Amino acid sequence: GEDVEQSLFLSVREGDSSVINCTYTDSSSTYLYWYKQEPGAGLQLLTYIFSNMDMKQDQRLTVLLNKKDKHLSLRIADTQTGDSAIYFCAESPFSGGYNKLIFGAGTRLAVHP
Amino acid sequence: NAGVTQTPKFQVLKTGQSMTLQCAQDMNHEYMSWYRQDPGMGLRLIHYSVGAGITDQGEVPNGYNVSRSTTEDFPLRLLSAAPSQTSVYFCASSYDSLRAEAFFGQGTRLTVV
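Order-wise, the sequence lines are chains Y and G. Its first residue numbered 6, the first sequence is counted upward by one per residue in the working numbering. Its first residue numbered 502, the second sequence is counted upward by one per residue in the working numbering.
Just so you know, these hints were derived from the structure itself, not from any lab. Note that the structure is predicted; figures quoted are calculated from it, not measured. Don't be surprised by glycine CBs; every beta carbon is placed ideally from N, CA and C. Check each hint, because a few of them may be wrong.
Computed cross-link-like contacts, EDC-like style, restricted to lysine to aspartate or glutamate with a CA-CA straight-line distance of at most 16 Å [what the hints assert, rightly or not]:
hint, chain 1, residue 1, chain 2, residue 2
1, Y, Lys105, Y, Asp8
2, Y, Lys75, Y, Asp8
3, Y, Lys73, Y, Asp31
4, Y, Lys75, Y, Asp59
5, Y, Lys105, G, Asp597
6, Y, Lys72, Y, Asp31
7, Y, Lys105, G, Glu573
8, Y, Lys75, Y, Glu19
9, Y, Lys72, Y, Asp21
10, Y, Lys105, G, Glu560
11, Y, Lys72, Y, Asp88
12, Y, Lys105, Y, Asp31
13, Y, Lys41, Y, Asp88
14, Y, Lys105, G, Asp574
15, Y, Lys105, G, Glu602
16, Y, Lys73, Y, Asp59
17, Y, Lys41, Y, Asp8
18, Y, Lys41, G, Glu560
Some chain Y residues well away from chain G (every beta-carbon gap over 10 Å; in silico) [claimed, not checked]:
hint, residue
19, Ser16
20, Ser22
21, Asp59
22, Asp63
23, Leu69
24, Asn71
25, Lys73
26, Thr84
27, Gln85
28, Lys105
29, Gly109
30, Gly111
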């Protein structure tokens, strides 16, 4: 079945690195995504990785993909208070001719001084 | 640019009432979808549309109807509201179902009493 698992909370000190982990189940997913949700707002696409890649770096963000273990991680370098938000991992299994997004429950990142 | 616009932002309904959540996008996107967000459960797909005149059910479609008469608009109708439909509803659009980037509206917080 389709399922995305992530831990619910992460607390880090400002300036440290944050690592948010995610596991997914469907190996047919073409893309895997990280979305950010700030309080009272919709989801914003942070970054995504194509399934044939192992790593993608975008400024302070690094995405690592282990297809064998179906494990995805998001590393935020030099974490700032503005990074406090909920981070959602999502896979896109190919079903019925279309890619649908399946979200994890979200990891709430709290950044403290 | 407006992007994806949802109205209303907040709504309180009595059990058994019906209402329509509005969603409009100005990016000429083919693919639109509705999600509900409940605590600890991430986002779950209610209905989606791959183009004007075409809709299909997602993971949790019961109690909801949709239509797509134009590319721009994708309203979600609650036929007879129930307390279990208390949630935050998000509309999203993307170029098509295969493209990585999905744009989300700000959400509608619905309470059914």
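Distance rule for aspartate 59 (chain Y), whose beta carbon must clear each one in chain G by more than 10 Å: holds (17 Å)
No chain G beta carbon within 10 Å of serine 16 (chain Y)'s: holds (18 Å)
Restraint status (C-alpha distance of lysine 105 (chain Y) to aspartate 8 (chain Y) at most 16 Å): holds (12 Å)
Distance restraint between lysine 105 (chain Y) and aspartate 597 (chain G), which requires alpha-carbon spacing of 16 Å or less: Holds, because 11 Å separates the two Cα atoms, which is no more than 16 Å.
Restraint check for lysine 105 (chain Y) with glutamate 573 (chain G), where alpha carbons must lie at most 16 Å apart: Not OK: lysine 105 (chain Y) and glutamate 573 (chain G) at ~20 Å, beyond 16 Å, violated.
16 Å Cα cutoff - pair lysine 105 (chain Y), aspartate 574 (chain G): violated (20 Å)
Pair hint lysine 72 (chain Y) and aspartate 88 (chain Y), alpha-carbon separation not exceeding 16 Å: Not satisfied, since the Cα-Cα distance of roughly 27 Å exceeds 16 Å.
Pair hint lysine 72 (chain Y) and aspartate 31 (chain Y), alpha-carbon separation not exceeding 16 Å: Holds: lysine 72 (chain Y) and aspartate 31 (chain Y) sit about 10 Å apart, inside 16 Å.
Claimed clearance of chain G by aspartate 63 (chain Y), with the beta carbon kept past 10 Å: holds (13 Å)
Holds or violated: lysine 75 (chain Y) to aspartate 8 (chain Y), with C-alpha atoms at most 16 Å apart: holds (11 Å)
Hinted pair lysine 72 (chain Y) and aspartate 21 (chain Y), Cα distance within 16 Å: Violated, at about 27 Å.
No chain G beta carbon within 10 Å of serine 22 (chain Y)'s: Per Cβ check, serine 22 (chain Y) is outside 10 Å of chain G; nearest 24 Å; holds.
The structure does not agree with the numbered hints 7, 8, 9, 11, 14, 17, 18, 28, 29 and 30 stated previously, though it agrees with the rest.
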